[in-house]
Amino acid sequence: MNKERLYHEEFIKPVEKTGRYTILAAIFCMFLPGIVLYIVWGLVPDMGPLVRALIAVWSFMAIMGILEPIVYYPILGFGGTYMSFLVGNIMNLRVPVSATAQQVVGVKEGSPEAELVSTLAIAGSLVASELVLILGVLVFLPVIGRIQGSGMAVEVALNQVLPALFGALGGIFLFRSPKIGMVPLALAFAIAFIKNDLPYSIVIPPMVVISVIAARIMYKRKWVKGEGMI
Amino acid sequence: MNSYLDIANSPAMWLACSAIILVVFFQAIRLTMISFRAGKSLGLSKEQMLSAFRIGFTTTLVPAIAILLGLALLIPKLGLPFPWMRLSVIGAVTFELIAAGTAATELGLDGLNGEFNTTIFTNVVWTMSLGAILGLFVVAFFTPKIDKLKKKVAGGDEGWMKVLTAAAFFGAVSYMVAQPVSKGGSPLVALVGGFLTMVVIGAIIRIGKQAWLKEWALALAILGGMTLTGLAFHFFNIGG
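Heads up: the sequence lines are chains A and B, in that order.
Here my numbering is used: the first residue of the first sequence is 1, the next is one more, and so on.
Here my numbering is used: the first residue of the second sequence is 1001, the next is one more, and so on.
These are calculated hints, taken from the structure and not from any lab test.
Among these hints, one or two may not hold up.
As the list claims (entries may be wrong) - Chain B regions said to be covered by chain A (calculated; three or more residues, Cβ under 8 Å):
1) 1005-1016
2) 1027-1034
3) 1053-1065
4) 1158-1167
Stated by the list, open to error - With a Cα cut of at most 30 Å, we get these calculated BS3-like pairs of lysine-lysine:
5) A/17 <-> A/3
6) B/1145 <-> A/13
7) A/179 <-> B/1214
8) B/1151 <-> A/179
9) A/13 <-> B/1152
10) A/222 <-> B/1040
11) B/1209 <-> A/108
12) B/1040 <-> B/1145
13) B/1151 <-> A/220
14) A/225 <-> B/1152
15) A/13 <-> A/108
16) A/108 <-> A/3
17) A/220 <-> B/1145
18) A/195 <-> A/179
19) B/1145 <-> A/179
20) A/222 <-> B/1183
21) B/1145 <-> A/3
22) A/108 <-> A/17
23) A/179 <-> A/220
24) A/179 <-> B/1152
25) A/179 <-> A/225
26) B/1040 <-> A/17
27) A/17 <-> B/1151
28) B/1151 <-> A/13
29) A/179 <-> B/1209
30) B/1151 <-> A/222
31) A/222 <-> A/179
32) A/3 <-> B/1148
33) A/108 <-> B/1214
34) A/108 <-> A/225
35) A/13 <-> A/3
All figures in this text were calculated on a predicted structure; none of them were measured in a lab.
Where is the CB? At the ideal position from N, CA and C, for every residue including glycine.
Build the full structure now, drawing on both the sequences and the hints.
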């Protein structure tokens, strides 16, 4: 058997099989909390608000869900893609981990050897991530009551976690790509000062469309490039 | 305390949330075994393969601690097991907070500000579960055909795809960024605090060349915003 064929038979095929079935299993497991809420306590979601929330969330997650695997695939490789999208933290953890391992072991970019090294490194990264999170649970478990029932100033601060996040995201706009952020942000400010309690399901989908159109025009005119964007 | 938090922290929830972690471990171990077997046939040495796994493991340990800060931010409203599961898979505190905030807002809350109950908790669980599912389906079915998919989507123009992703995300969150400014009070203080902390950290990363801070930037900026809010309330009675 030649090398190319060997690689296909011994790596690509079994990885594809394992990758697909583990992700399908994970998708099922993802619904277990919701299922348990129903079976044990008879809790079902309030459908109208749930659908509206999902319209808002899906209007940007649909685009990101399709594009991210395509954009990261060249770096993560075949096995790495299955693992990275299951566990997340792709840009900040998996990508640098894969690149470092390929460099240290010294394999040629894009070769079957590089693919194996990337897969192994990301597998190691996955195990480390999960262990740290389990450790985190052990740390938080004894203090959970204290976090939940805290005093006034802390309570006020905890209630503002979302605005704090959006402030931080505003900072990221500024550093990463002020030009792309400009149009949706200016429009959003105009809308928010007229009416600041619109349902997200009504505001977000058209905002996504407008932002994408504006970015398309800027990209066509070469005002923005794809580098360092995500 | 609150009955919904008793549910959120119940043994049944722990059980429901643990299953997926087992899937992650199973996947990582299976792919490691496949790689080792294939590597032997392709002429990689055992040392090379072990070192690849070890590099992945060790370089992840410290930055992964940053995820725990995000976990701490989700616990007050959602209990421990569900946020633990969410950040163990797919795992981005940004998405989880936005999904939770959107679900709660549709039920009449002001974002995550206010008392949760069982209905809100249930809707938050379902919004987070369904919200990020599409990417997983794409990976499950299209990874082997990703080159074909690439040509179909955006004509294979990688630069545009990156711009498009950023534009979609910016479009989605820009109204949420603008809202606190028009509201004033605590939300505005939190927004400004989060923004300023991010700018300072961003400057340290860029100018001081401290790349390791990147993993911590978002969680620290959120904490910065919240700290400023708490201080403004405590000392100057702003917001509440």
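Here's how the hints hold up against the structure:
no.	hint	in the structure
1	1005-1016	holds (count 8)
2	1027-1034	holds (count 7)
3	1053-1065	holds (count 12)
4	1158-1167	holds (count 10)
5	A/17 <-> A/3	holds, 21 Å
6	B/1145 <-> A/13	holds, 13 Å
7	A/179 <-> B/1214	holds, 21 Å
8	B/1151 <-> A/179	holds, 27 Å
9	A/13 <-> B/1152	holds, 24 Å
10	A/222 <-> B/1040	violated, 47 Å
11	B/1209 <-> A/108	holds, 28 Å
12	B/1040 <-> B/1145	holds, 27 Å
13	B/1151 <-> A/220	holds, 18 Å
14	A/225 <-> B/1152	holds, 21 Å
15	A/13 <-> A/108	holds, 22 Å
16	A/108 <-> A/3	holds, 15 Å
17	A/220 <-> B/1145	holds, 28 Å
18	A/195 <-> A/179	holds, 25 Å
19	B/1145 <-> A/179	violated, 33 Å
20	A/222 <-> B/1183	violated, 37 Å
21	B/1145 <-> A/3	holds, 21 Å
22	A/108 <-> A/17	holds, 26 Å
23	A/179 <-> A/220	holds, 14 Å
24	A/179 <-> B/1152	holds, 27 Å
25	A/179 <-> A/225	holds, 10 Å
26	B/1040 <-> A/17	holds, 20 Å
27	A/17 <-> B/1151	holds, 24 Å
28	B/1151 <-> A/13	holds, 23 Å
29	A/179 <-> B/1209	holds, 24 Å
30	B/1151 <-> A/222	holds, 21 Å
31	A/222 <-> A/179	holds, 12 Å
32	A/3 <-> B/1148	holds, 24 Å
33	A/108 <-> B/1214	holds, 28 Å
34	A/108 <-> A/225	holds, 28 Å
35	A/13 <-> A/3	holds, 14 Å
Hint compliance for this structure: hints 10, 19 and 20 are not met, and every other hint is.
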